[in-house]
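Colleague: Note that the protein sequences, when read in sequence, are chains W and B. Quick note on numbering: the numbering used here labels position 175 of the first sequence as 175, and the sequence is numbered without any gaps. Quick note on numbering: the numbering used here labels position 271 of the second sequence as 271, and the sequence is numbered without any gaps.
Treat the hints with care, since some could be wrong.
So the derived label-pair ranges between C-beta atoms look like this [what the hints assert, rightly or not]:
{"id": "1", "chain 1": "W", "residue 1": "G63", "chain 2": "B", "residue 2": "G154", "range": "47 to 55 Å"}
{"id": "2", "chain 1": "B", "residue 1": "N206", "chain 2": "W", "residue 2": "A111", "range": "20 to 28 Å"}
{"id": "3", "chain 1": "W", "residue 1": "G312", "chain 2": "B", "residue 2": "R107", "range": "47 to 55 Å"}
{"id": "4", "chain 1": "B", "residue 1": "F211", "chain 2": "W", "residue 2": "L54", "range": "18 to 26 Å"}
{"id": "5", "chain 1": "B", "residue 1": "V290", "chain 2": "W", "residue 2": "L54", "range": "30 to 38 Å"}
{"id": "6", "chain 1": "W", "residue 1": "P88", "chain 2": "B", "residue 2": "V290", "range": "20 to 28 Å"}
{"id": "7", "chain 1": "B", "residue 1": "V23", "chain 2": "W", "residue 2": "L54", "range": "43 to 51 Å"}
Rather than coming from a laboratory, the hints here were simulated on the basis of the structure. Backbone N, C-alpha and C define an ideal beta-carbon position, used for all residues, glycine too.
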Amino acid sequence: MSQITFENVVKRFGSVVAVDNVTLTIGEGEFVALLGPSGCGKTTTLRLIAGLELADQGRILIGDRDVTYLPPAARDVAMVFQDYALYPHMTILDNIGYPLKVRGVSRAERARRVTEVARELQIANLLERRPSQLSGGQQQRASVARAVVHQAVAFLFDEPLSNLDAQLRLEARAFLKHLQNELGVTTVYVTHDQAEAMALADRIVVMRLGKIMQIGTPLEVYRNPANTFVASFIGSPPMNLLSGTALVGQGQFVMDDETVIDMGEVYRRMSRPPLDGQEITLGIRPEHITIHAEPHPHAIPGQLYVVQPMGGETLVNVRVGSKLVTVRLFQDEPPALPDQVWLKPALDASFVYGADGERLS
Amino acid sequence: MERRAIFSAKVGFLFLAPALAFVAVFLLYPFVRVFLLSFTNQTLLGTTAPNPEWVGFDNYRRLFDFDRWMRLGEFGSALKITTQFVIGSALIGQVGLGLLIAWAFYRKKGVLRETVYTLVIMAWIIPETVVAFTWVAFLDRDFGTLNALLDAVGLGQPDWLFKHPLESIILFNSWRGAAFSLLLFSSALETIPPSYIETAEVAGANAWQKFRDIFFPLLRGHILTDLILITLWTFNVFTPFLLTGGGPARRTELVSIYTYRTAFHGQHEFGKGGAIAVVMMLINFALALVYLSLIRRRRVHG
Ligand SMILES: Nc1ncnc2c1ncn2[C@@H]1O[C@H](COP(=O)(O)OP(=O)(O)OP(=O)(O)O)[C@@H](O)[C@H]1O
Ligand SMILES: [Mg+2]
């Protein structure tokens, strides 16, 4: 178990800056998720920790050891790859025991320790099989077992659940979190699935184009997204982002298509309000909008687009001007709504972002 | 899954017929001719040319005359030299070198890799005779490139083709044929997912452990296939003749050269040449069987 520190780390591939001046501290025993869209540098960050890529600039520390230029073997971390990387020519026993074999642990001792871990992970009955004779979920456990048996100072996971079907993924998610809680090993977990990151991590690092956009606990990034990128990435369905102009004097927000939203006290309560006439983006989560069949004070008109029953909740899409706004209702029965509806945003729970996408508060 | 035939057996045979005819005319017929020939005393010239006699196993007895067969220029000696040549230039030289170079440049790009690959492949595609003459020039005692280099670092000027003829043709043939193995192995290496190697690296494996535990087992099928092909080719290769003519004093007389000398030189003993060919065919056949059973055993276990 060790702390992992990035100090101004840069990694380039030709002209692509895959990791752009990242500074980050992952606490001892912490479970951190690297979250972001495809190509944002998550895998590269993970590989930098493992030593599979070498940083062009900056320093990487594991514990208080500077590992920036150390080869993978000297870093004492365990990595689980997306494809599990189980060796087809070895039994599961030999696969899981491979990190021990490399260290010269005797065959008997290896078998003992592998069996112990396999029992914990409920794959003890599969040890004599070959990887091809295992289901996807079992293979995933075997590759996790290989990381566990290693007794490394940190676990590195690169989208370990993306090859599983939806049901199994939920199961494996709970299993991984439970395992990490028990072992208390520092864990870095790469995913592009925000729900997975929210469910698993102590802290989430949201990345974009090699840069860190926000770091925080799942609740922090959900409640206070620092910029429009995080706002649109975290939460399902994502936050409604409406662009328009702030009329601070009148206490109004005019959407690009001229729809006017009465902002009440919002601007006045901000310590750094927008300038009058400034381009801003108003962010409102789908659950912070109520929908009405009749005209309502401070409500904006819109046309009903579709109603999506989700089981426990219902999503309603409404067209406001050229924009599609999502409303989330915590009711299982879809409401009966006319074509013309009125939306009332809970402005206290709204977010105001400047033209650069950063939050104004 | 149940397999259903698309065609009946009869129609299937019809499709096979041209290939079978081809095999019969160009492989089976010559083989039978050579086989029959090996029991006669037919020569190119002389009285036995038009009227060969049936001599039974005489030709074979002459080949396996154990009083003299290990003398230079005899069949046993040719077999021994061929074995050394195959082990040196096929197993160690081509397969070993090809594997080593492919492994050394695994996951690497750049000028060095391109240069080495280009040179190795050039050695393979240049016509045989050109290559042979280049090597004669390369190895020449007084004007050769090799000796110029050795002399420059003070290692003397040995007469390669005279003092170390077998080593010379082994070196030549390794260089000449390594490209095939190199290409086979480097494309095989590309089929190994990078995560296999990276998992081992993160687990702490060193270069030897990675080779022993991952590369080698995953490449075993390719290595066996390459071995069978290279061994058979090398066994029957004739090009060294262009370098040494089988000499000096028959010290580089491979079985192929021995056969040539027996059947198409001097006495032109077709009968005896046929007997050698039959023995060679049996040896090749046995080698192929050994390799194939190794490959099959691997399939069952793997
Ligand atoms: N070996 C490489 N050579 C060249 N470019 C690379 C290499 N590895 C990554 N990149 C580039 O670096 C950037 C970041 O890649 P990375 O694999 O870290 O993204 P990611 O966030 O893991 O994406 P994904 O979710 O698709 O896996 C991308 O633009 C990618 O094309
Ligand atoms: Mg990735």
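Colleague: Hints broken by the structure, by number, lowest first?
Modeller: 5 and 7
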